[in-house]
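Chains A and B, in that order, are what the protein sequence lines are.
Each residue of the first sequence is one higher than the last, beginning at 1 in this note's numbering.
Each residue of the second sequence is one higher than the last, beginning at 1001 in this note's numbering.
To be clear, the hints were calculated from the coordinates, so they are not data collected in a lab.
Computed from a prediction, not measured in an experiment: that's the story for all the values here.
There may be inaccurate statements among the hints.
To be verified - Computed Cβ-Cβ distance ranges for the label pairs, DEER-style:
#1 A:Q125 with B:A1133: 29 to 35 Å
#2 A:T37 with B:D1097: 46 to 52 Å
#3 A:E67 with B:Q1149: 52 to 58 Å
#4 B:Q1088 with A:E134: 24 to 30 Å
#5 B:V1128 with A:T37: 44 to 50 Å
#6 B:V1128 with A:R56: 39 to 45 Å
#7 A:D55 with B:K1132: 33 to 39 Å
#8 A:R100 with B:P1068: 41 to 47 Å
We put the beta carbon where it would ideally sit given N, CA and C, even for glycine.
Protein chains: 2
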Amino acid sequence: MEYTDHTTRPFRASTHFSSSSTLLSYSSALPPSLPRTAVQSPCAACRVLRRRCTDRCMLAPYFPSSEPLNFIIAHRVFGASNIIKFLQELPESKRADAARSMIYEANMRIRDPVYGCAGAISHLQNQVNGLKAELAMTQAELLIMQSQQQQQTHSASVWEDINLSSDWK
Amino acid sequence: MEYTDHTTRPFRASTHFSSSSTLLSYSSALPPSLPRTAVQSPCAACRVLRRRCTDRCMLAPYFPSSEPLNFIIAHRVFGASNIIKFLQELPESKRADAARSMIYEANMRIRDPVYGCAGAISHLQNQVNGLKAELAMTQAELLIMQSQQQQQTHSASVWEDINLSSDWK
């Protein structure tokens, strides 16, 4: 079988449903004795992958049918098998965040095919550096002004002392 | 053929070297009449993919043999076919930056499997917001101090005027 470009062509059931495939393994992690019920509306992932979506589909909670683009984009960037692998390697409590971050990263790569998320990070790092420099400058100005004010207050009190002492004479 | 998990198992020549595969197509973009010379030391990508590396290998400039981990990590996150597809879709002048950004993103995903680059972006955005707030506060303090200083200068000049006028009497 050729190494299919999954972005432009959907998975073909004949090539992607063998029992040992990564794509199947995520739903076969449960004991085979427990029956799986096919759902009426397949999740976005199963729809793209042309799979039968069951009530225990691992991808369904993170790629609901109501947001079909999320899976299409994440699949285009990471590939379905990598998405499944990453999610499987995490505890269930972390999977929603991981799916969201993959969707986010994939969107960034599609928007900026050269720099992707790295471009946003570089831009933000520049912004942080700029803000740090501006803050340091403003803090220095403030310090100078504070010391000038302290000097003025000191001079004023000296003048006051002088005036007071001259009044006593 | 099964859908191989390319992360843990290397590509098998029998399944990944068909003439129409994405993995081959990047090197077959050149006219077939031009001969390809195999290089003595294959690039990091060809080594991982167990391919014959030629002097016109598209991946060699971005994944040199001296940095084998870069390709292993990028391949683990994006998959070889996606890396090739992304690079092929870009003009040559942009490919080095794109490869670097993919290596960077892949490293981030391996380091932080839940949030990846998105985690770094979120952290930097918080830092930017914190710095903006601190800068705004410092600028406000500076403005208050400047207005206080202006008032003091004004008061001093008023006193000076009063003293001068009393001297004239």
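Legend entry - Cβ separation of E67 of chain A and Q1149 of chain B, checked against the hinted range 52 to 58 Å: Holds, since E67 of chain A and Q1149 of chain B (Cβ atoms, about 57 Å apart) stay within the stated range.
Inset, instruction - Given the hint of 39 to 45 Å, check if V1128 of chain B and R56 of chain A actually sit that far apart at their C-beta atoms. - result: 42 Å, holds
Legend entry - Range agreement (Cβ of K1132 of chain B with Cβ of D55 of chain A, hint 33 to 39 Å): This hint is violated: roughly 47 Å between Cβ atoms.
Inset, instruction - With 44 to 50 Å as the target window, see if V1128 of chain B and T37 of chain A comply at their CB atoms. - result: At roughly 47 Å between Cβ atoms, T37 of chain A and V1128 of chain B fall inside 44 to 50 Å, so the hint holds.
Inset, instruction - Could you tell me whether the CB distance from T37 of chain A to D1097 of chain B stays inside 46 to 52 Å? - result: For D1097 of chain B against T37 of chain A, whose Cβ atoms are near 48 Å apart, the range 46 to 52 Å holds.
Inset, instruction - Please test the hint of 29 to 35 Å on the beta carbon pair from Q125 of chain A and A1133 of chain B. - result: At 19 Å between Cβs, range violated.
Inset, instruction - Note whether the CB distance of R100 of chain A and P1068 of chain B lies within 41 to 47 Å or breaks it. - result: 32 Å, violated
Legend entry - E134 of chain A and Q1088 of chain B - C-beta distance against the hinted 24 to 30 Å: 42 Å, violated
Consistency note: the structure conflicts with the earlier hints numbered 1, 4, 7 and 8.
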